[in-house]
Every structure is written in C-alpha cells, then in structure tokens.
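Respectively, the protein sequence lines represent chains A and B.
Note that my numbering numbers the first sequence so that position 65 is 65, with each residue one more than the last.
Converting from the second sequence to my numbering requires adding 313 to each position, the first position being numbered 1.
What the hints contain is simulated information worked out from the structure, not anything from laboratory work.
Note that the coordinates shown come from a computational prediction; the quantities given were computed from them, not determined experimentally.
Cβ coordinates follow ideal geometry from the N, Cα and C atoms, glycine included.
Some hints could be false.
To be verified - Quick list of in silico lysine-lysine cross-link-like pairs, DSS-like style, CA-CA up to 25 Å: (1) A:158 with B:455; (2) A:158 with B:492; (3) B:438 with A:73.
What the hints assert, rightly or not - Using C-beta positions, here's what the derived DEER-type ranges look like: (4) B:483 with A:277: 53 to 61 Å; (5) B:466 with A:209: 49 to 57 Å; (6) B:556 with A:11: 51 to 59 Å; (7) A:287 with B:570: 28 to 36 Å; (8) A:107 with B:556: 51 to 59 Å.
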Amino acid sequence: MSGATGSKLHSMRDAIAAHVHDGDTVAIEGFTHCISFAAGHEIIRQKRRNLTLARMTPDLVYDQMVAAGCAKKLIFSWLGNPGVGSLHAIRRRTEPAALAAGETLLEVEEYSHHGMVGRYVAGAHRLPFYPLRSYSESDLPNVNPLIRQVESPYGDGKIWAVPPLNPDVAIIHAQRADEEGNVQMWGLLGCQKEAAFAAKRVIAVVEEIVPTSVVRADPNRTIIPGLIVDAVVHEPYGAHPSYVQGGYDRDNAFYREWDAISRDAAATDAWLKEWVYDLPDRAAYVAKFGAAYFKNLTPTSAPSGAVDYGDYR
Amino acid sequence: MSEQKPASRNELMVVAAARALEGKRVCFVGVGLPNIAVNLAKRTVAPQMELVYEAGVFGANPARLPLSIGDPTIVTGSTATVSMHDLFGLYLQGGRIDVGFLGGAQIDKYGNLNTTVIGDYTAPKTRLPGSGGACEIAINAKEIMVIMRQSTRSFVQKLDFRTSPGHLGGAAASATLRKEQGWGGNGPSVVVTDLAVYGFNSDGEMELRSIHPGATIDEVKSSIGWELRIPANVPETPAPTAEELRLIREELDPTGAYV
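Next comes chain A alone, as it looks inside the complex (with noise of 0.2 Å):
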C-alpha cells in the first residue's frame, strides 16, 4: 500500500484498525525518546490479541499492553524501566511463582542491543543475517537458537548472526512530517529508520504536520521517506510519558508512579481503565492531564543554527 502519492493523513484509531491486526508482529521503536505510547494505548483500547511485540527496550508502553492482555510474546534487548527498576507486569508473565491463576507465560526472545540493530538492519536490507562480534562466551546463544554462527567467506574463522526481522508494522513517533509522511527527527535516532524500512507497514506519528516544502528546506533532517509510509497520524504529546527533543521532557515523575502502579495487578488494571480505556483517544489523555502539566514539561529553547544548502537553479 506504501508508495501512494497524497495525503495520508488518518485519526490513530484509523490507522490502527487498518494496519495492525491479531497475531501481527509490532515494532513500536524509538530509544527512551519519542514513543509512540499513542498508538500503544489505540492498540490496548482496540483489544488487538496474541501479538509479538519487538522493541530493543519495552519500555513502560509495552508493560501497560501485556498488562492489557494483547501480548503473546517479547523481542527485545533490555527489558526495565530506564532509570527507575524493573517492568511489573511484564515480570508477572515471565516469572512463574508470580504468574497468576489462568495466565499463561509469555514467550521471550533476547538478544543484546547491538544484535537486535542488527536484527532490524538485515531486514531493511533484505539481507539473510546481520554478522556481529557478541556472543562468544555469552549464555546468550545457549538460550537463544536464533543466535549463530557462521563461517567468514574470507578464512577469518567464524563470526555470529542474528536474523533479518521484518514486523508486520512499525510505529514511529516524530517531531514533524508532511500529509505524505516524509519524517523529520531530531535527538536520539534509535533504530526508527531500520526498523520502518524493515517493515510490511509504517505508521508515522507526529507531533506537528509541514508542508513538503519546510521538509525540503532541510533534507538531511528526513529519516524516513513517505515512499515506506502507510498512515501519518497528527498526536500531539503522543510520546508522552517519553519525550520528544525540543518539544516536551520525559516524565520521569510518571516513569517513578509507574513502578508502584504496575507492581500491583488491579492497580494496573485501575490505571488502564482510567487512563486508557475511558479515553476516547489521546486528545482526551492530554485534556486530562491539562496544559498546565504539560508546560511544567516544555523545556526552554535551544534552537540549531540553521545550515545553507545553496540555491543551484
């Protein structure tokens, strides 16, 4: 469906209902910045099943939708709550003394950062397996047949490989795209770009539409090209309790609230009934929340010199 030309422009409950179905596999990326905890709440509300959700780091947003029940499986690297501990409820489904009657455990698949770059890499590039130097001497591998070895063409001994991941969808959250989903970030890049070119589906979400011609003014800044977008979502503060560069702070106050709440299985569940469920969408979340709170977030300005590229007509 990607490659369309013209706006593609949808609400979040559009371009879930769309592009991302049961037993899909989701890559919702961005490290620590920019989250798209939008689209996970759409997700969660949408009552989407048995899906395998990948992310380098769960985050809180993929706690709160295992918590929700739409998660049958993990794909990560570093599975905690950065800065402040442990996720809860993702915990509760990997642990069996803390597995509660009639769950079941949720299957897991790690690898370590580097491997799970690579991992997105080789399926952006259509390759069979990302070569890396990790592993040797690691547990890793033993618990993780996916990890192997393989034999350098070249007579260097052998060097480890991880598998191409190609998700069914991503779900990338930026500062700015136009209607037709050219992305322009800034800050901590992740792995937004491999993974939504490793994808079936990319949904962009951001925090401010352009027109073409503000992303043409500055193309270095385009990470993901509209070629590989199938829905452009226009959400204000959809990143939050993460944080966009230049626009809003992480919530670390929240990140701290979460540990308590999650720590507790009907405190969870509370907490997705108000905060979630309840909502119509994410507009809702931020009225709730009210301008006041998010203003306590915005940090002050820092602009980049802006750069010539030459006029060469």
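Knowing the structure of chain A, use the given hints to seat chain B on it.
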C-alpha cells in the same frame, strides 16, 4: 568552608571509580552510579574525557545529571548524536571506546557478569533486564571497569547466567579467545565496590588492591562468595577530598537519589 559530613560508603565507591578514570579519553557511560563517577571524573581527573552514551551520543555535555540512559540533556550540546547502528557498529565494535563501565546482579572472580536472570533461565526466580549493550561493551571496549555494591549474593562462586564475558575461566583462555574472535577489548581491569578496590592478577582473578577507609579485611572477605586471596599489605583507598564530596553533594546528586 563549613564542616563536611564524612564520606558515606557510596561516596567512597563513586570517588574511587572516578579516580580510576584519570587520563582516560573515551568512556562509555551507564546510568546510576557509573554516571555520577564519570561526570565526577570529567570535573576532576579527566577533563578531556569524551562521554559516550549507548543511546547514541558521542561527546555528551549533560547540563543536569541524566535520569535515564536516553535523557534529552545528553543530546543538547553534544558533539555528535547518531543512530544506535552507528553507535554500536562504528564507535563500539569499531574500537573507538577506551573504557566501558558495567555493573550487574552477579559477578564471579574472573569478572564475568550476569544481568539476565536469577535462577533457571526458562523459569527464573527473578527476571532481570538482560544484556542491553553490556555483552558488546564487555568485548569491544579496550578495558572494563565494574562498579557494584559487594555482598555474597552479588559476588558469587558461580553465575546463574553469563550475560557478559570477563576473563572467562582465567587469563590464558581469555587472551586466546579474545584474539581468535578478533575482540578489541582486554576485559575487566578494575572493580570498585562500597568496601574496596580490586584489580585482576596475571591469572585473570580478582585481587584486592585497596580497602576503603572504615572497612575491614574481615568485612571484605565475608561479603565475597569465594576464597579471596589477600595480599600481605593492603593499602587504604585514599580518602575523598573536600572538593570531590562537594561536587557529588552539590552538583552531581544534590537530592541524594543515587549516592
């Protein structure tokens, strides 16, 4: 200057780790205590040091103490902000990192680390975060410094899971494998705890180098899960200076969240 409170054990640990970075050029930083130690070193013994964060920043100049590994303060004013693929490929595996900081739930006498599970992998007692970048930092950074609180639960005879290789089963095996695999790193060189500073001997085994002021040999021995070799003379770790304590308390961790 008003009278300072004496240094806490966590402060002794942070100061000892910072001093171990003297003269180092490129350091891969983790969050929590390593973050404070590295930022203290940059203000004292290693002003030229480049801070690298795995989130994709080279040459960070954080204006506040980063609260997570991907805090926006590491981006603003940095020398370069790059993709994770560039960071792990070009910078780390490409051999541009001098020192990597690691910690973990468990360490053994050869400096191998576990950050994955306590108990059996398929039915863990405690599910820990996993590798993140630790497995590749351990093999690609030229040397590894470890900062961890010391106890018999964390300094163990046998790891439940080896996430990140240290000196494997000993220095000879480690050197052979590192060469054979083309790894850029030489493995762990220093372990700093709340009680002492350790190095590694020619067998690749952890060896006591100094004891922090206020700690005793008995305390050190009884909080390690293997028979630690104690040299004849163990010096005391030099006490923190007033300026080091002031930097920690007033600039780096004013709310006392970490130290």
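Tested hints:
1. A:158 with B:455: holds (22 Å)
2. A:158 with B:492: holds (12 Å)
3. B:438 with A:73: holds (19 Å)
4. B:483 with A:277: 53 to 61 Å: holds (56 Å)
5. B:466 with A:209: 49 to 57 Å: holds (53 Å)
6. B:556 with A:11: 51 to 59 Å: holds (57 Å)
7. A:287 with B:570: 28 to 36 Å: holds (32 Å)
8. A:107 with B:556: 51 to 59 Å: holds (52 Å)
Consistency with the previously given hints is maintained throughout, with no hint failing.
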